Structure formats: structure tokens, C-alpha cells
Amino acid sequence: MQLREMGEQDCLAFLAGHTRGHLACLGEKYPYIVPIQYAYEKDRLFIFSMPGLKIDLLRAHSPACVQVEEFGENRTWRSVLVQGTYDELTDTPARHDERIHAWSLLQKQPFWWEPGAFALNSESEDSPAPSIFFGISIEMVSGRQVV
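Under numbering that gives the first Met the number 0, residues 0 to 146 are what the sequence shown spells out, in order.
Honestly, the hints are just simulated from the structure, not real lab data. Here the structure is a predicted model, which means the values were calculated and not measured. You may find that some hints are simply not true.
[What the hints assert, rightly or not] Straight-line C-alpha distance at most 25 Å; calculated SDA-like pairs for lysine to any residue: (1) K41 to P62; (2) K107 to K28; (3) K107 to P129; (4) K107 to Q36; (5) K28 to K41; (6) K28 to G71; (7) K41 to S136; (8) K41 to N73; (9) K41 to L104; (10) K41 to E138; (11) K41 to P92; (12) K41 to W102; (13) K107 to S130; (14) K28 to M49.
[Stated by the list, open to error] Now the in silico label distances, taken between C-beta atoms and shown as ranges: (15) G51 to V145: 33 to 41 Å; (16) V145 to H100: 31 to 39 Å; (17) P129 to Q8: 35 to 43 Å; (18) P50 to L2: 39 to 47 Å.
For glycine and all other residues, C-beta sits at the position ideal for the given N, C-alpha and C.
Modelling step: build the complete structure from the supplied sequences, incorporating the hints.
Have a look at this one:
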């Protein structure tokens, strides 16, 4: 077994072939990390969420990191790390086409709204919280694998 660096194109191909990972953002005192489901296209990851702590933190500090991993047989694995910037696709006429595009990419995946749609302690079932679509613009990508 050998630990190897993954090239940029291998990292991007890996991201394109997966849909789940972990999003990390800057918290008040500690990093904050949550599971996500994403869609990859070119230089961005698209993600759906409901309002909550991660959105509050990302709005306050736009740097973000996404980690995607895969475990194989015989202790092999691959892991890709994306470092980038949060960009909320606001529900405005100016961002409408981008929101629809993000939705169209995400909806190709089964259960694409999970875990983003599970809001803890929702205040009212009569008035659902607004859905939030956002992108993480990929500024740097790196990866490692054990083969």
C-alpha cells in the first residue's frame, strides 16, 4: 500500500463521481462541520440547506471547506479537500436562473434535499422555512489516496 497525492484533474473527477461530503466553516470559537449532499459542476459545488447555524456562519465568514471521501477494500481510500468561498444564490430575480440551475443539478440525485431539509425544532409546519441554495466556488482542490 502506498500513499499518493492526487492531481487536480483526478480530484475534480472524484468530486464529479460523488455527491456526499462534509462542509466545514468558521465557527465562533471552533470550526463547524456538517454532512452535506452536493452537485459538482466545473468550478463549483452546489448545495441545498434550510436556515440554521451553518448558513449564519457562512454568511458571516465566507471561507469554506468541503471534504469528500471513499473507502475501498483492503484499507484503500481516497479523500479530496476543496477550499473555497460561500456564495448564496438568493431568491431574487437577479439570481433566479442560478437557483434553478442548482436545483436542476441537485434534483438528479435521490433524496437531494437531505440532510438540508431536516430542521430541528421547526417553529411551525404551516410556514416552512425558506430553502437556501448556495455554491462553494472552488479556489483550491487537493487529494490523497492509498492504493
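Here's how the hints hold up against the structure:
no., hint, verdict
1, K41 to P62, "holds (19 Å)"
2, K107 to K28, "violated (37 Å)"
3, K107 to P129, "holds (21 Å)"
4, K107 to Q36, "holds (12 Å)"
5, K28 to K41, "violated (33 Å)"
6, K28 to G71, "violated (35 Å)"
7, K41 to S136, "holds (9 Å)"
8, K41 to N73, "violated (32 Å)"
9, K41 to L104, "holds (12 Å)"
10, K41 to E138, "holds (12 Å)"
11, K41 to P92, "holds (24 Å)"
12, K41 to W102, "holds (16 Å)"
13, K107 to S130, "holds (17 Å)"
14, K28 to M49, "holds (23 Å)"
15, G51 to V145: 33 to 41 Å, "holds (35 Å)"
16, V145 to H100: 31 to 39 Å, "holds (36 Å)"
17, P129 to Q8: 35 to 43 Å, "holds (37 Å)"
18, P50 to L2: 39 to 47 Å, "holds (40 Å)"
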